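**Student:** Here the protein sequences line up with chains A and B, keeping their order. The first sequence: position 328 = 328 (this note's numbering), numbered continuously. The second sequence: position 224 = 224 (this note's numbering), numbered continuously.
Source of the hints: derived by calculation from the structure; they are not laboratory data. Every value quoted in this text rests on a predicted model; they were computed, and no experiment measured them.
Here are some, though not all, of the chain A residues that point toward chain B, as calculated from beta-carbon distances under 10 Å:
no.	residue
1	146
2	148
3	149
4	290
5	309
In this text, a Cβ means the ideal position worked out from N, Cα and C, and glycines have one as well.
Number of protein chains: 2
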Amino acid sequence: MKNLTKIAIAGVGTVGQGLIDLIFKDNGRNKKKFNIEISAIASRRKLKLSKKNLSNTKIFKDASSLLSFDDYDILVELIGGEDGVSKNIIFDAIKKKKNVVTANKALVSKHWKKIKTLCNQYDSSLKFEAAVAGGIPIIKILNEFLKSNNIKRIYGILNGTSNYILTNMLSTKKNFSEILQKAQKLGYAESDPTFDINGIDAAHKLSILSAIAFDIDANLSDIFVEGISEMELIDLMYAETLGYKIKLLGMSQIKNNNIFNFVYPCLIDFRESIANVDGVYNGIVVESDFCNKSFFQGEGAGSNPTATSVFSDIINISNNHSNKLRNPKEKKKNQDISERFGSYYLRFTTIDKPGVISGISQEFKKNKISMKSMLQKDNKPEKSKNATIVVTTHNCLERNMKKALKKINKLNFVLKNTVVIRIESLK
Amino acid sequence: MKNLTKIAIAGVGTVGQGLIDLIFKDNGRNKKKFNIEISAIASRRKLKLSKKNLSNTKIFKDASSLLSFDDYDILVELIGGEDGVSKNIIFDAIKKKKNVVTANKALVSKHWKKIKTLCNQYDSSLKFEAAVAGGIPIIKILNEFLKSNNIKRIYGILNGTSNYILTNMLSTKKNFSEILQKAQKLGYAESDPTFDINGIDAAHKLSILSAIAFDIDANLSDIFVEGISEMELIDLMYAETLGYKIKLLGMSQIKNNNIFNFVYPCLIDFRESIANVDGVYNGIVVESDFCNKSFFQGEGAGSNPTATSVFSDIINISNNHSNKLRNPKEKKKNQDISERFGSYYLRFTTIDKPGVISGISQEFKKNKISMKSMLQKDNKPEKSKNATIVVTTHNCLERNMKKALKKINKLNFVLKNTVVIRIESLK
Chain A
1 MKNLTKIAIA GVGTVGQGLI DLIFKDNGRN KKKFNIEISA IASRRKLKLS
51 KKNLSNTKIF KDASSLLSFD DYDILVELIG GEDGVSKNII FDAIKKKKNV
101 VTANKALVSK HWKKIKTLCN QYDSSLKFEA AVAGGIPIIK ILNEFLKSNN
151 IKRIYGILNG TSNYILTNML STKKNFSEIL QKAQKLGYAE SDPTFDINGI
201 DAAHKLSILS AIAFDIDANL SDIFVEGISE MELIDLMYAE TLGYKIKLLG
251 MSQIKNNNIF NFVYPCLIDF RESIANVDGV YNGIVVESDF CNKSFFQGEG
301 AGSNPTATSV FSDIINISNN HSNKLRNPKE KKKNQDISER FGSYYLRFTT
351 IDKPGVISGI SQEFKKNKIS MKSMLQKDNK PEKSKNATIV VTTHNCLERN
401 MKKALKKINK LNFVLKNTVV IRIESLK
Chain B
1 MKNLTKIAIA GVGTVGQGLI DLIFKDNGRN KKKFNIEISA IASRRKLKLS
51 KKNLSNTKIF KDASSLLSFD DYDILVELIG GEDGVSKNII FDAIKKKKNV
101 VTANKALVSK HWKKIKTLCN QYDSSLKFEA AVAGGIPIIK ILNEFLKSNN
151 IKRIYGILNG TSNYILTNML STKKNFSEIL QKAQKLGYAE SDPTFDINGI
201 DAAHKLSILS AIAFDIDANL SDIFVEGISE MELIDLMYAE TLGYKIKLLG
251 MSQIKNNNIF NFVYPCLIDF RESIANVDGV YNGIVVESDF CNKSFFQGEG
301 AGSNPTATSV FSDIINISNN HSNKLRNPKE KKKNQDISER FGSYYLRFTT
351 IDKPGVISGI SQEFKKNKIS MKSMLQKDNK PEKSKNATIV VTTHNCLERN
401 MKKALKKINK LNFVLKNTVV IRIESLK
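Here chain A stands alone, though its shape is the one from the complex (with noise of 0.2 Å):
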């Protein structure tokens, strides 16, 4: 028979509902099984649960009131917030020894380097599975399984609700708000969307899966991140016309020693694997020395796969298998977006008239950039005079792409801001 492991739950919104429903399902199944009791449960809402199964739970309206309680193995933290109720009562438990269990994604990316200490200091440890894409255990696997390799790259679509707007954009052809309210109201997207749609969310767990593969410290601030908010339907259109799709990825590698972490979106070639996680679905691909490529694909987000995530990492911790946060061995350097060396998609808005092609490629010429292909589109039905000009360049430096489309954007036939998107290879 496995040891009793007591659990104290902070939150009970959408995970901690799934976790619970997790415990109790099947008549206790689980509870059984691995032999958990929930000794505490906080929470400002109503649970629903029944009487029989709270009868050995203390049940909290305010979280803080944890600070003053000591009946628990593990406390599983799925508040949210970097800062504020989460952090106070995570470096409380870790104070008190205790073994912590999050799917607090800001939290442990801002505050890595503070946990770690402390999980050192006083030997407890913090499980994090459920910060980073709820479905796929790929903390797991860097931490477990491909440890012994050096990692590559890591590279993946890291946010469920930009994924189902950018999926269902193109399939029902609407555009970007159209699309966000219907996430909304289906609950793909939150009522302030803003770090889904910003990259932001996606960074946040690029920043931690970045720690791990590369062994550094997780830091938000050293990630080139752009959103999808500025997306249009007619580019992701173009795109599958080339043989694309456009996602917001996220990805962390090392070049020259350096690091260089972004999140953005980005064509990739429709038969990589990445290209075809659509919907809600997270999909991460390790590339790796002793085991080449390999891929992910899961659930992102939502309450019974996340829940799932942390329900693993409970039962680990009374495995007693757990995984101390180790300090890097060396400082790696950052690199800037402005060297990255790959290719771009463009779409001119132009006058439609002679000259127009010559007069960019020029400014190609000086910078050193050359195009791989161009699709030119007259907007005839409209009667107007415009053309739309849609280019893929061969590899060049992002800091001379921006030189000239600083000139070519200033010359007198353009008539739009160019739009531009990298495309990653991925190769």
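On the provided structure of chain A, position chain B as indicated by the hints.
**Tutor:** This is chain B only, laid out in the frame that chain A set:
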């Protein structure tokens, strides 16, 4: 500092060499990081290792010598074979209360029950991540991540050799035997490829996955197995025209509390993730109650990914993390293939004359089979009077399909035995 872990390696073939490379790569980074010592190596071949790295290692020509050797914590068995010396040294190690890591799927599958009993009796653990899908940590994922979920079904492409053959037949438009020879030349198929192409290797792996996913005993004889040695290029091409890929699929699922396990080549909608697992890659999908669909893809075999799996077992054991093999709670019945309810791809070779379709459809009707699509190709270029008719059906019982085909193949206008391949919808 981690405690020293002493390992004894039995067998230095492809995987054994990969493991040694992994331990000593980057100036012995993994050896130091995880504090590993190779206290013995048993190998018939000459070792590619410097004297310096072997200074603390006893070398044996014959693996049986390990029976009278005690100076190790973990036996790493990489010889293969379901009985003989592998079995002897593994059982001996368990009885010495040592831990065991193996890549031997045939042995684990055949001796599942005995291994479990012995490990419990002697309080040892045996780990076998490398036995299934080298570069995918599927055993860890099932045992440590999805353990709280009810698995509905698990399926995948589990044999890299046959997947390489099917992928390359289609991409190069060459027939089975040509591609098999190419695969042997490139080292993707062994000189005796029987177990790979007749489905037995995939079945060994499936029996292990099934045992873990459904908490039953592994049993190869309960699995319906068909291989790919009869596969013709023309069917791969027709399937592509119809929007499918043909893959050697292994699946284990629960239906009405019965287990239904099979390995056979079948058509899969090209939009399914698993259909795009090409070449030597393996892919596995797990469908569960709380995580829906999780998909994992990685190199299926080969020295390095398999060595990564072996090494992850070693460090997980040395971290005191063991998952005891438990006795299953209830015996589940096994479902016969004749009870399969699904759709079929059929290729008829007939005389080209009126009445053929009606003759076939009469037999279909008698057996409650209905057609979904039909494609007729006259083999005009060959100036023969043969016709090829490709039919897909709606779902029906395999028992009924067999009855119908027995009759159809005897009809006077049917010139060859009808080719029948199952279609898996994976919805």
